[in-house]
Amino acid sequence: MTADLLFYIFSTFTLACALAMVVHRNAVNAALCFLLALVGVAGLFVLLEAYLLAVLLIFVYAGAVVALFLFIVMLLDVKGGRRSNFTKSTLVAGTGAAALLAVGLLSLHTHGRITATLPAGPGVGASLKGYAYQLFTTYLLPVQIVGFMLLIAMLGVIVLSKRHAGMEDVK
Amino acid sequence: MNIGLNDYLFLSALLFALGFFGVLLRKNTLVIYMCLELMLVATTLALVAFSRYNGTMDGNVFVFFILTVAAAEVAVGLAIIVALFRRRLTVQVDELNALRN
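These protein sequence lines are chains W and C, in that order.
Per the working numbering, residue 4 is the first one in the first sequence, and the count goes up by one each step.
Per the working numbering, residue 32 is the first one in the second sequence, and the count goes up by one each step.
These aren't lab readings, by the way, just hints derived from the structure by calculation.
No residue lacks a Cβ here, since even glycine has one placed at the ideal position from N, Cα and C.
Do not rely on the hints blindly, as some may be mistaken.
To be verified - Here are the computed distance ranges between Cβ atoms for each label pair:
#	chain 1	residue 1	chain 2	residue 2	range
1	W	139	C	120	19 to 27 Å
2	W	153	C	124	24 to 32 Å
3	W	74	C	100	15 to 23 Å
4	W	93	C	129	14 to 22 Å
5	C	85	W	11	40 to 48 Å
Claimed, not checked - Covered by chain W, per the in silico footprint, the following chain C stretches (three or more residues, Cβ under 8 Å):
#	region
6	69-81
7	102-112
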């Protein structure tokens, strides 16, 4: 089955890139690993027949968000930072979270009652028409709210990056 | 063995866990922010998989909104980080302790 093989290839690629992003000391390399992980996730979206979302993920995340991250990392010129020193609370939180995750994954695999069979026919996410219909009927109000939120975010960013009187920068 | 919904959920949980441990372990605010984005992408993967296996459109539309909100969130968050850097000249979380005590 080529689809299964592709799933394994994309998932190992994504996981390896995400792991490299988490452990890399250099922030620029972490951003580039994040970019590769996003490409892997976009491949998985294509396997799930959500073609529009795969393209959007590449455009919005890989194109805009990662570029913004790289821009800020280079602008601030920060060093990667020291190796993190484990505090006791971090260790406890990490162990607890890992245990919870292990229990959750185990229960998913043993008691998973979700039907794992694909519905017949092509996926509903494959057609552009479906998105347009949903966005302009059921989700019309959220679309308007999200548009307004983008406007507010733009104004907020402009206000945040202005130099205010009385707030001197550190020289 | 056929790839099913469980495998996608498993992968999504693993990606989410990687992002979570990144948030816990890293000290650089920018990298922490990237790990937060990784967690968001992991949840979108789960939503798309649910949508595909249920044969409904709603998960895909939710991912649409998540992408929009994430883009706005990244812009605002990075502006905050830049403003913070201009005031304090650092983005390491253990040096940003002005509100402690």
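Quiz item: Which earlier hints can't be squared with this structure?
Solution: 1, 5
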